[in-house]
Amino acid sequence: MSAGSSSAGGVALALDAAPNPWFDPSYVIDNWDTILRYLGEHVRLTVLAVVLGAAIALPLALLARRSRYLAGPVLGLSTVIYTIPSLAMFAFIFPLTGLSSTTVLVGLVAYSLVILVRNFLAGLQGVPADVREAGRAMGYGRLRLFWHIDLPLALPTFMAGLRIATVSTVALTTVGVLVGHGGLGQLITGGFNANFYRAEIVTGAVGCVLLALVADVLLAGVERLLTPWARAARA
Amino acid sequence: MSAFGDAVVYLNDPFNWTRTNGILDLLRQHLAISVVAVLAALVLALPLGIALGTSGRGGGAVVVLSNVSRAIPTLALLTLFAVSPIGFGPRATTIALAVFAIPPILTNTYVGFRGVDADVREAARAMGMRRAQVIRRVDLPLALPLVMTGVRTAAVQVVATASLAALVAGGGLGRIVALGFGQQNYGQMIAGAILIAALALLTELALVLLTWAVTPGPRRFPFLQVRARAGTAEPEPTAAGMPL
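These protein sequence lines are chains A and B, in that order.
Be aware that the first sequence starts at 1, since it is given in my numbering, and climbs by one per residue.
Be aware that the second sequence starts at 1001, since it is given in my numbering, and climbs by one per residue.
So that you can see chain A by itself, here it is in the shape it has in the complex (with noise of 0.2 Å):
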């Protein structure tokens, strides 16, 4: 009550007055623990959801590629879930999950899935079918030909998928605000709500931005170590 009359006093309000600059250090150092906490769920989020993507896709992908009556489907329904906006897949799913950050990896889940399931597939199809056949030739059972033969060949695609997976989960992540789990997102959102700070909605934007870019460098070295042949042909 105090501090009201004693503003009003005054000419302006004193939020009037209130920097309000784009980056702000000390913003990043007092909030440092929030921020670190928000990341984590960020990462969290998005490592679960591409690693179950990818569990999900691989199979599909044997799958669709086995019978061409399920790759129609298949790329259909992936094609979709793709269109279908992101804040009302959450909307979706929320009834059924409530206020929990499963809500938002469902979610997550069903985006990545639908983006790897296409890179898996593409990936499996470009595989020779007659090193294929000569590997079967060579007496190789399924699991030996998926593990020798398909893999190490469609890796390069793979890795692509999983690259334009994780990119975009890390950025859709965000949409996560709306259940109160959107990782960095909350920072967005919560600079937004408090009276417009700058300072926090710059530290999530740009930690979105630096965290894909981690990522994706990340999974580019990954795929670097796991195709060295690539590396010789190169040289």
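Because the hints were derived from the structure by calculation, they are not lab data.
Quick caveat, the model's predicted, so the values are computed rather than measured.
Among the clues, some could well be false.
Unchecked claim - Pair by pair, the computed Cβ-Cβ distance ranges are:
1) A:A137 x B:L1140: 43 to 53 Å
2) A:G126 x B:D1119: 25 to 35 Å
3) B:A1213 x A:V80: 14 to 24 Å
4) B:R1028 x A:I81: 25 to 35 Å
5) A:V222 x B:T1215: 49 to 59 Å
6) B:T1020 x A:L62: 35 to 45 Å
7) B:P1145 x A:L62: 37 to 47 Å
What the hints assert, rightly or not - Okay, the calculated bits of chain A under chain B, using three or more residues with CB under 8 Å as the criterion:
8) 47 to 59
9) 92 to 99
10) 158 to 172
11) 183 to 192
Yeah, the Cβ is synthetic: ideal placement off N, Cα and C, and Gly gets one too.
Keeping the supplied structure of chain A fixed, place chain B upon it in accordance with the hints.
For chain B alone, kept in the frame of chain A given last:
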């Protein structure tokens, strides 16, 4: 499951459609913002894509742009424009959406025009066509399928993303979802989600039909065409955009 039942009830109430700030108002807002954003992106990205594609330069920059744009959350850009001197409202939303519509159009235009067979171009020049003629009568028809893919991707993305504006006090159909959530009126929230999803799917459908109508060459009905090559998956193209 009662939330879905409530959603049907909400959608069946004519008052919810016709009142001020009802579904029709918000839909009009949503479409106006989306159309302006896509047109603005087209005006900027098409000439640039054509110039870069026909000269074959700047490919690296285009790829980097499309990759970086994927990493930027739309929500972040919407919020940043809203708290900038532009101020929040339809203008900030439109600018943010236009920025996001540029990379898909630019990349696909660039790839489309660069992919035109050099021999075809040379034949056109040998027939006495000038540069502008070559671009209009040779390059454009050949690049059109890819250009239209870019436009479709951008348009669907913009329509989908426009709903996020509601999270930062913007308008559009996302408002129904945000309000429904805020008021714990989950039927309304689901109804909004259904409307947004339907609008995105309809946009996709409309642009598939538009692509079919404007693409020269043998006409095949788009859906039959999809079935004909159903067996082959295409990997995500460079700037297919992210789901939004």
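Status of each hint after checking the structure:
1. A:A137 x B:L1140: 43 to 53 Å: holds, 49 Å
2. A:G126 x B:D1119: 25 to 35 Å: holds, 28 Å
3. B:A1213 x A:V80: 14 to 24 Å: Because 22 Å falls inside the window, the suggested range holds.
4. B:R1028 x A:I81: 25 to 35 Å: holds, 28 Å
5. A:V222 x B:T1215: 49 to 59 Å: For T1215 (chain B) against V222 (chain A), whose Cβ atoms are near 40 Å apart, the range 49 to 59 Å is violated.
6. B:T1020 x A:L62: 35 to 45 Å: Taking Cβ atoms as reference, T1020 (chain B) and L62 (chain A) lie about 54 Å apart, which means the hint is violated.
7. B:P1145 x A:L62: 37 to 47 Å: violated, 30 Å
8. 47 to 59: With 0 residues close enough to chain B, the hint is violated.
9. 92 to 99: Per the Cβ count (3), the hint holds.
10. 158 to 172: Our answer is that it holds, as 8 residues pass the Cβ test (under 8 Å) against chain B, meeting three.
11. 183 to 192: holds (count 5)
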